[in-house]
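Colleague: The chain contents come next:
2 protein chains.
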Amino acid sequence: MEDLRDARETWSLANCTIAHALDILGNRSAMLILREAFLGTRRFEDFVDRVGAGEPAMAARLKALVQAELLERVPYREPGQRTRHEYHLTQKGRELQPVITALRVWGDTWTTDEAGPPVVAVHRGCGAPVRAALRCEHDHEVQDGEIAIIAGPGLIRIA
Amino acid sequence: MEDLRDARETWSLANCTIAHALDILGNRSAMLILREAFLGTRRFEDFVDRVGAGEPAMAARLKALVQAELLERVPYREPGQRTRHEYHLTQKGRELQPVITALRVWGDTWTTDEAGPPVVAVHRGCGAPVRAALRCEHDHEVQDGEIAIIAGPGLIRIA
Chain A
0 MEDLRDARET WSLANCTIAH ALDILGNRSA MLILREAFLG TRRFEDFVDR
50 VGAGEPAMAA RLKALVQAEL LERVPYREPG QRTRHEYHLT QKGRELQPVI
100 TALRVWGDTW TTDEAGPPVV AVHRGCGAPV RAALRCEHDH EVQDGEIAII
150 AGPGLIRIA
Chain B
0 MEDLRDARET WSLANCTIAH ALDILGNRSA MLILREAFLG TRRFEDFVDR
50 VGAGEPAMAA RLKALVQAEL LERVPYREPG QRTRHEYHLT QKGRELQPVI
100 TALRVWGDTW TTDEAGPPVV AVHRGCGAPV RAALRCEHDH EVQDGEIAII
150 AGPGLIRIA
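Protein chains in written order, with numbering that gives the first Met the number 0: chain A, 0 to 158; chain B, 0 to 158.
Hint data in this document are derived by calculation from the structure and do not stem from the laboratory.
Keep in mind that the hints are not guaranteed to be accurate.
Which chain A residues face chain B? A few, computed with CB under 7 Å, are given here [said to hold, decoys possible]:
1. His19
2. Gly25
3. Arg27
4. Arg34
5. Ala59
6. Ala63
7. Val65
8. Val98
9. Thr111
10. Ala131
Positions of the beta carbon are idealized from the N, C-alpha and C atoms, including for glycine.
When you get a sec, could you build the whole thing from the sequences and use the hints?
Modeller: Here's what the structure looks like:
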């Protein structure tokens, strides 16, 4: 099977989709806001408290995530107060669950202190811990070294 | 089953392992260097060309990834030249494969331009595309909404 890694100098990743994803996700506080959104946090002041950012920075970051369509603003009003907005994950945001899960599992393995990880994500059905596993679309488990990199429709060849 | 999300205000993520992971990975160029390492890039000048960073920035970034033990420096010497160093993924670095894969799949789905993604990672055994799937340790497929967040050994309760 062809593997593009054998001739890395002959193609470009100018249109890399990982780079595109990182244009949105490539900073620490954006990912921590998404972590909180997956944990059910929805209100501005709770994001400020739980992510540990200042209010102006948080406002800018939430606005960017709304513009990128990972979060949507949903109005709410408590009795006697003005209308405010909560931040809910969109479908585009929810599909980051494997990214967040993969980061957490790696962090649990390689960065945890001696007390161990603070939380465990488990499968409701059976109670077993959840991870982001490499699987192919034929549902085979994929081991390190069993992946080939082949040309996609958008490949830019340069030599 | 208990779910900590029902009382998010009663526990802290001061020791969050996602945050620890992002201390190392939470910038765009660190992740793009790791992408290149997975694609087989090993030499300083190739990282500069393929990640699109300046030489001083790349030197600092590679040094940080070596200190974090994601890459290791391996000496090599071409005939008639002085000894130089390549950068190889360590086991700690290789275990980021699910993170990179999850980012790529999300980017392919949500950020690709009309030409389509540049590359496809496929399973050598069967040729099917590879993704990072949510699975539990009992090897069940885990759907959105089937995850519970429970206390780990390091949980810090605050109320």
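Colleague: With reference to the structure, classify each hint as holding or not holding.
Modeller: The hints, checked one at a time:
1. Interface hint at histidine 19 of chain A: satisfied, since its Cβ lies 4 Å from the closest Cβ of chain B, which is below the 7 Å cut-off.
2. Residue-level restraint check for glycine 25 of chain A holds (minimum Cβ-Cβ distance to chain B is 4 Å; threshold 7 Å).
3. Below 7 Å, beta-carbon pairs count as interface contacts, and arginine 27 of chain A has one with chain B at about 4 Å; its hint therefore holds.
4. Because the smallest distance between the Cβ of arginine 34 of chain A and any Cβ of chain B comes to about 5 Å, under 7 Å, the interface hint for this residue holds.
5. About 17 Å separates the beta-carbon of alanine 59 of chain A from the nearest beta-carbon of chain B, more than 7 Å, and the hint is not met.
6. Among the interface hints, the one on alanine 63 of chain A is violated; its C-beta lies about 14 Å from the nearest C-beta in chain B, farther than the 7 Å criterion.
7. Restraint check, valine 65 of chain A versus chain B: the minimum CB separation of about 15 Å is more than 7 Å; hint violated.
8. Satisfaction of the interface hint for valine 98 of chain A is found here, the shortest Cβ-Cβ separation to chain B being roughly 4 Å, below the 7 Å cut-off.
9. Below 7 Å, beta-carbon pairs count as interface contacts, and threonine 111 of chain A has one with chain B at about 5 Å; its hint therefore holds.
10. With a cut of 7 Å, the hint placing alanine 131 of chain A at the interface with chain B holds, because the nearest CB-to-CB distance is about 4 Å.
In terms of the numbered hints stated before, the structure departs from hints 5, 6, 7, listed from lowest to highest.
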